[in-house]
Every structure is written in C-alpha cells, then in structure tokens.
Amino acid sequence: MNSAESFSLQLSLEEKKRRFYGVLIAAGCLFLLFKAFVIAEDMNSGSFAKGMSQFLDYPADILKDTLAPNANWFAKFRGYIPAMLETINMAAIGTLIGGIIAILFAFASTRNIHVWPPLIPVARRMMDIMRAFPELIIALFLIFVLGTSPVPAIVAIILHTTGALGKLFSEVNENIDRGPLEGLESTGANWLKRMRFGVLPQVSSNYLSYALLRFEINIRASAILGFVGAGGIGTELRKAIGWSQGADISALFVLLFLTIVAIDQLSSVLRRKVIGQDLTPGRLA
Amino acid sequence: MTTTTMADNAAVCERYADVFRHSRRQSVLPIALIIAAIAYIAYATYLFEVPKLIDNLRVDRGVILATDSFAHKYHIVKRFKTGKVEVSLEGTRGQEFEGSYPEWVQVNDQGFDVDMGEGVTATVKGNVVQFSVPDNPVLTVEATEEGVLLRGDLPAWAKYSPRKFEARPSLFKRIQVTKTKVEVHRYFAGWENFFFDFNHPLNGKSFHEVVSTAFSSERVIPDLSNWQSIWRGIWYNKEWQHKDVFRALLETVIMALLGTVVASVIALPLAFLASENFNRNFASRMLIRRCFDFLRGIDTLIWSLIFIRAFGLGPLTGIMAIIFTMVGELGKLYSEAIENIDEHQLEGVKSTGASSAQNYAFGVLPQIMPVFISQTLYYLESNTRSATVIGALGAGGIGLMLVQTIQTSKDWENTLYLIILTLIVVIMMDVVSGRLRRRLL
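Just so you know, the protein sequences line up as chains A and B, in that order. Residue numbers are given in this note's numbering: position 102 of the first sequence equals residue 102, and the series is strictly consecutive. Residue numbers are given in this note's numbering: position 9 of the second sequence equals residue 9, and the series is strictly consecutive.
Since the hints were derived computationally from the structure, they do not count as laboratory data. Any given hint could turn out to be false.
What the hints assert, rightly or not - Mimicking DSS-like on lysine-lysine, the simulated pairs with C-alpha atoms at most 27 angstroms apart in a straight line are:
#1 K273/A / K332/B
#2 K239/A / K76/A
#3 K84/B / K159/B
#4 K164/B / K181/B
#5 K125/B / K73/B
#6 K243/B / K35/A
#7 K239/A / K64/A
#8 K52/B / K239/A
#9 K181/B / K73/B
#10 K205/B / K73/B
#11 K181/B / K125/B
#12 K16/A / K350/B
Hey, can you work out the whole structure from these sequences and the hints?
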C-alpha cells in the first residue's frame with residue numbers, strides 16, 4: 001500500500017468517524033427534545049392530542065360572535081382606537097426616554113472614546129441587569145407601589161429599553177472611524193465637543209434605526225403590560241377575554257395586528273431611508 | 001502669518017454659500033429635535049397624570065415592602081379584651097411560638113416585656129404600654145375604652161391619634177397601639193426558614209448542627225433516616241416551596257428551549273420556499289411570506305391566549321405560542337439570509353455534478369448556517385424572558401408563581417427570591433447562548 005492510498009483510507013476513516021459523531025449528536029439532541037416534550041406534556045393540565053383537536057374551537061367561537069348580526073363590530077373597533085393610542089403613547093414615551101438614557105449609558109460603556117475607564121464595566125453590568133428583567137415583573141412591582149396607571153408600565157419599558165438599546169448603541173460606538181476624533185483632539189476640542197462633532201454624526205443614523213426597531217417591540221410590550229392593569233389596549237383585551245365577548249376580542253386583535261403591521265412598515269421605510277439598509281432584528285429581541 | 005478680516009470672511013461665505021447654508025441647517029436640526037422631545041415628554045407627563053401620581057405615591061408601602069423583602073419579623077401581640085399574648089413569626093398562622101419564646105421576649109401574667117435591641121424596650125402591663133428609646137423620655141401609652149391616651153411628648157418618629165399610636169424609631173423596630181391590642185414588631189435581616197420550615201425539628205439549627213445531625217445515629221424523625229429527613233425538610237419546605245419553584249423554573253426553561261428549537265427547525269424549510277432564488281412560483285412564495293407576517297404580527301401573548309383554551313394551563317401552551325411567533329420571525333430572517341447567499345459557491349458545487357441534495361448540503365447550508373445558529377441562539381435568551389411573561393398570564397412556570405406571590409402580597413421575600421431566580425436563569429441563558437455562538441461560529 002503506497003502512502004497516497006493509506007492517506008485516502010485514513011481520510012475516509014476520519015470522514016466516517018466525523019459522520020458517526022454527527023449522527024450521534026443529532027440523535028442525542030432529538031432524544032433530549034423528545035424527553036423535554038414528554039416532561040412538558042406531563043406538566044400540562046391538558047394533553048397535546050386533545051389540545052390539537054380543540055385548537056380551532058376558540059377562534060371559531062370568536063368568529064361566530066363577530067359575524068353575529070347584532071355584533072356591531074365596526075363601532076366596537078372604532079371605540080377601541082383611543083385605548084390603542086394610549087398604548088402607542090406609552091411605547092413612544094418609553095422608547096424616547098429609554099433611548100436618551102441609553103445614549104448616556106452607551107457613551108459611559110464604550111472603550112476608546114476617552115471615558116473614565118472604571119466606569120465602563122459598571123455601566124455594562126448595569127445594562128445587563130436592566131436587560132435581564134422581564135418588563136412584566138417591574139411593572140407588577142410598581143403597580144403595587146404606585147397603583148394602577150400607565151406610569152409603571154412606562155417605567156418598566158424605560159428600564160428595559162435602556163438596557164437593550166444601551167448595549168446596541170455602545171456596539172455602534174465601538175465601530176466608529178476614529179479619524180474625526182483624532183482630528184478634533186488636535187484642535188484642542190473638549191470631551192463634549194469631541195463627542196458631539198466626532199462621534200454623534202457617525203452613529204446617529206444607526207441609533208435612530210435601532211430606536212425605531214425598539215419602538216415596534218415596545219408597542220407589543222406595552223400591550224402586554226396593559227394585561228396586568230397598566231391601561232391601554234391590554235386592559236381592554238383582558239376585560240373582553242374575561243367576559244368572553246367574541247366580537248370585542250376580534251376587534252381588539254385586528255386593531256393590535258393592524259397597528260403592529262403599520263408601525264412595522266413605517267419604521268422599515270424610515271430605517272431604509274436613514275441608513276439605506278435593514279439591521280438584523282434578532283440582535284434586538 | 002496672515003489674518004482674515006470680517007470682509008474676507010464675508011467674501012468666503014458668499015463664495016461657498018452652499019456649504020455654509022448646509023451647516024446652518026445641520027446646527028438647527030438637533031436643537032429642533034431636542035425641543036420636540038422635551039415637548040413630547042411634557043405632553044406625556046400631562047397625559048399620564050404624573051403629578052397626581054407623585055402626590056399619591058405610597059412611599060410607606062414601598063418601604064415596608066423593601067424591608068420585608070430582605071428581613072423577617074417577629075410579632076408580639078397582646079389583645080386587651082382577652083389578655084392573651086401571641087408570639088409568632090410574620091404573624092402568620094402555623095408559626096406561633098408555644099411555651100418557649102425567643103430569649104428577648106418575656107411573657108408574664110400582666111403582659112410582656114420585649115427587648116427590641118439597641119436598648120429599645122417595650123413593656124406591657126395590663127392596658128399600659130411603656131416604650132423606651134435611649135436618649136428619649138419614656139413614652140407611656142394607655143389603651144382605654146374611649147381611645148388611646150399618650151403621656152409624654154411625641155417624638156418625630158412616632159404618630160399619634162386617639163385611634164392609634166404608632167412608632168418606628170428605626171427601620172427594624174415598630175410598635176402599634178390601638179383600643180383593642182398592642183402589636184410589637186422586631187425585624188431581623190435575612191430570610192427565615194429558608195431551609196427548614198417552621199415546624200420542622202431542624203428549624204433554627206446552625207449549619208454545623210445540621211451536618212452533625214446527618215452523621216449521628218439518633219433519628220430526628222423516627223420513620224426516616226437523618227439524610228432523608230434533611231433532604232425532605234429542604235425539598236418539601238412549605239414556605240419556600242423549593243420543589244415547586246424548581247419545577248416552575250424547569251417549565252419555563254423547557255418552554256423557551258423547546259419552542260425556539262422546534263420553531264427554527266420548522267422555519268428552515270419554509271424559508272427556502274419563501275425565498276426568491278429557490279421558489280420561482282410567485283403566488284406560493286407570497287403566500288408563505290404573508291403567513292410569516294401573520295404569525296409574527298400576532299404577539300406571543302395573543303397566541304398563548306388562544307392556545308390556553310385548547311391545551312390548558314402548562315408549558316405546552318407556552319411552547320406552542322413561542323413556536324407560532326418564532327416560525328414567523330425566524331422564517332423571515334432565514335429567507336432573507338437565503339436570498340443573500342453567494343451564488344458562485346452553489347454553481348461550483350453544481351459543476352462537480354453533485355446531486356440536488358448535495359447542492360443544498362454543500363452549496364447553500366454552509367452559507368446560511370452562521371445566520372441560522374446565531375439568530376436561533378439570540379432568540380433563545382429573549383424567549384426565556386417571553387416565557388416568563390406568557391407564563392405569568394396563564395401558561396404557568398416561574399412567571400405564574402411570581403405573579404401569584406406579588407398579587408397575594410403574601411411575603412415579599414418570596415417575591416424577591418423568585419425575581420432573583422428568574423434573573424439568574426435569563427442571564428444564564430444569555431451567557432450560554434453567547435458562549436455557544438462564539439464556539440460554533
């Protein structure tokens with residue numbers, strides 16, 4: 001056997017081994033998934049098979065109520081618009097204030113732009129914690145202290161937005177071209193001026209597009225927070241579901257869906273205009 | 001060195017008018033934006049009635065809640081009508097001390113004598129309560145049929161009305177006197193009964209004592225070996241419910257994990273059907289894309305509300321809700337990645353005479369693998385958070401537990417414990433997914 005043959009034999013052996021391990025890992029994962037599913041099925045109060053057969057019952061009930069002759073669907077739809085506006089306002093103010101605080105955090109946590117070094121890890125950990133808190137928990141806690149009002153939801157959104165946007169903004173900051181900064185430094189500009197004229201013009205369009213993406217996410221979040229009593233469309237939805245008013249439920253679903261789609265389209269148009277391309281939304285979720 | 005005069009400046013401005021006009025617009029725009037932002041914030045402050053809210057702010061409630069979340073308290077209560085004294089932990093049923101009290105509590109026929117620490121004492125004799133704080137005159141409060149009478153000057157840390165006398169000289173000491181009863185609270189930092197519940201024989205023992213019990217042959221609970229009684233004591237702790245908490249955490253993690261993984265597996269083939277370069281049929285492509293939009297547009301929350309009717313309370317509901325939203329979300333991302341692949345690589349594979357399956361395996365998949373893996377992992381962390389939220393609204397898991405403890409406002413230390421656990425799980429998911437991402441890419 002010459003060396004070339006033995007080499008190719010070894011190669012095919014390696015290949016087989018690799019394939020074997022690949023199959024083994026895939027089988028292991030499949031088994032784990034199956035096992036997890038069995039555990040989930042076990043923990044659930046209803047079973048999977050039974051659920052699948054009943055899956056369409058609830059939507060069918062809602063549809064039946066909606067199509068009933070005395071449903072008055074369009075009047076209901078119009079009646080819920082103010083609640084939707086409140087939800088949008090909650091999301092907007094949360095995104096605005098959260099975004100402004102996030103800019104401060106982003107500058108405090110970026111290397112290479114001459115901030116006081118010990119500040120960087122502190123700001124980063126603070127953002128990590130703010131991001132990890134599910135909004136609902138903060139909102140529930142604040143509702144207990146402040147009473148039912150949209151403000152707890154807004155504070156919750158602000159906190160989460162600060163954490164999430166701050167991280168993205170600081171990543172944007174780290175990728176800037178440092179030329180303008182050095183140029184400004186040579187003219188003797190102070191720190192604020194260097195940031196204002198050297199960094200902000202480079203990052204502002206990315207900031208804006210990330211903030212727009214966050215705004216979309218925050219609309220969903222503020223709708224959810226309404227469920228625990230923070231006002232807006234969520235509170236209406238909770239009432240409608242509690243009373244099983246099919247026509248109201250469908251009106252609210254459609255309104256929420258249309259709003260989300262509209263904001264989605266609007267912000268994607270704006271984003272394309274601002275930076276000429278879309279960002280990967282997964283990084284934001 | 002040459003100097004420029006005003007006239008030169010003006011000439012320059014005139015010559016490059018475009019440049020200078022542009023710069024003026026640039027300097028006005030940020031200011032306009034800032035003014036707009038301030039105006040909007042002011043409008044929102046008015047809209048959401050923030051000033052009224054600040055007026056109604058219940059700071060005392062917040063303080064009680066915050067103290068309660070990291071401390072526990074003993075209640076010593078005397079009811080004047082019956083003359084009965086009760087000493088209990090947190091004032092809850094099933095946690096009353098019978099016969100043997102903590103050494104700083106002395107109960108006698110007349111009432112009780114409590115040393116509240118740092119020289120503060122409360123003595124109850126019949127209907128008269130004497131409350132003494134160092135560097136302050138002794139306060140004497142008498143509860144009569146008509147109301148509460150106070151003798152002595154009222155210090156800043158106490159409140160008095162004929163209906164109620166209340167004093168809190170420091171955060172960890174509190175006394176209340178009404179017509180019917182006197183109630184003394186002494187706080188201690190830390191979570192009580194974390195390992196063994198109140199009625200367990202090992203409650204209040206130090207770590208050292210517990211370890212030595214484990215090795216001793218004398219049985220704490222006659223039917224069980226000592227190891228078992230320690231383990232069971234902790235695991236089935238009635239107050240902290242370690243077993244249920246663990247189960248709820250597992251439920252939440254399973255929801256996020258199974259939902260994300262199954263969704264990404266379903267989304268991949270659909271993404272091929274939704275991308276222009278693999279599906280030339282316009283109608284079917286558009287249909288799948290609109291389906292993605294529909295799935296994405298309806299929030300996980302709403303999906304979970306629909307599924308809860310069908311699947312009932314539990315992780316299945318959460319899993320299905322996450323799968324539905326995620327198929328839309330990931331399907332869109334994957335199909336965009338597929339549309340952006342480099343065709344040359346695929347052509348190269350084709351030119352070797354590879355079969356159609358091999359085309360996909362070696363020409364396409366390696367290019368979209370990074371997107372596939374990184375997006376799935378990114379969503380894993382965010383789905384853990386969604387799983388707690390939809391759990392809170394009915395799908396079960398740690399979220400539901402948390403909402404229940406907050407809404408019953410039973411014991412805020414339980415709430416804090418659950419919040420910390422949730423945060424740990426979310427941060428852990430973040431760290432694990434980040435590690436995996438770095439290793440796989």
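Taking the hints in turn, this is what the structure says about them:
Restraint check for K273/A and K332/B: the C-alpha separation of about 21 angstroms stays at or below 27 angstroms, so the hint holds. Of the pairs offered as hints, the one joining K239/A and K76/A holds, with about 14 angstroms between alpha carbons and a cut-off of 27 angstroms not exceeded. A C-alpha spacing of about 26 angstroms is found between K84/B and K159/B, which places the hinted pair at or below 27 angstroms, so the restraint holds. For the hint pairing K164/B with K181/B, the CA-to-CA distance comes to about 10 angstroms; that is within 27 angstroms, so the pair holds.
For a cut-off of 27 angstroms, the pair hint linking K125/B to K73/B stands: about 23 angstroms separates their Cα positions. Of the supplied pair hints, the one linking K243/B and K35/A holds, its CA atoms being roughly 20 angstroms apart against a limit of 27 angstroms. Among the hinted pairs, K239/A with K64/A is consistent with the structure: their alpha-carbon atoms are about 19 angstroms apart, no more than 27 angstroms. For the hint pairing K52/B with K239/A, the CA-to-CA distance comes to about 26 angstroms; that is within 27 angstroms, so the pair holds.
The straight-line distance between the Cα atoms of K181/B and K73/B is roughly 18 angstroms, inside the 27 angstroms bound, and the hint therefore holds. Between K205/B and K73/B the CA atoms are separated by roughly 18 angstroms; this keeps the pair inside 27 angstroms, and the hint holds. The hinted pair formed by K181/B and K125/B meets the criterion: a straight-line CA distance of about 12 angstroms does not exceed 27 angstroms. The suggested pairing of K16/A with K350/B holds, with an alpha-carbon distance near 24 angstroms, which does not exceed 27 angstroms.
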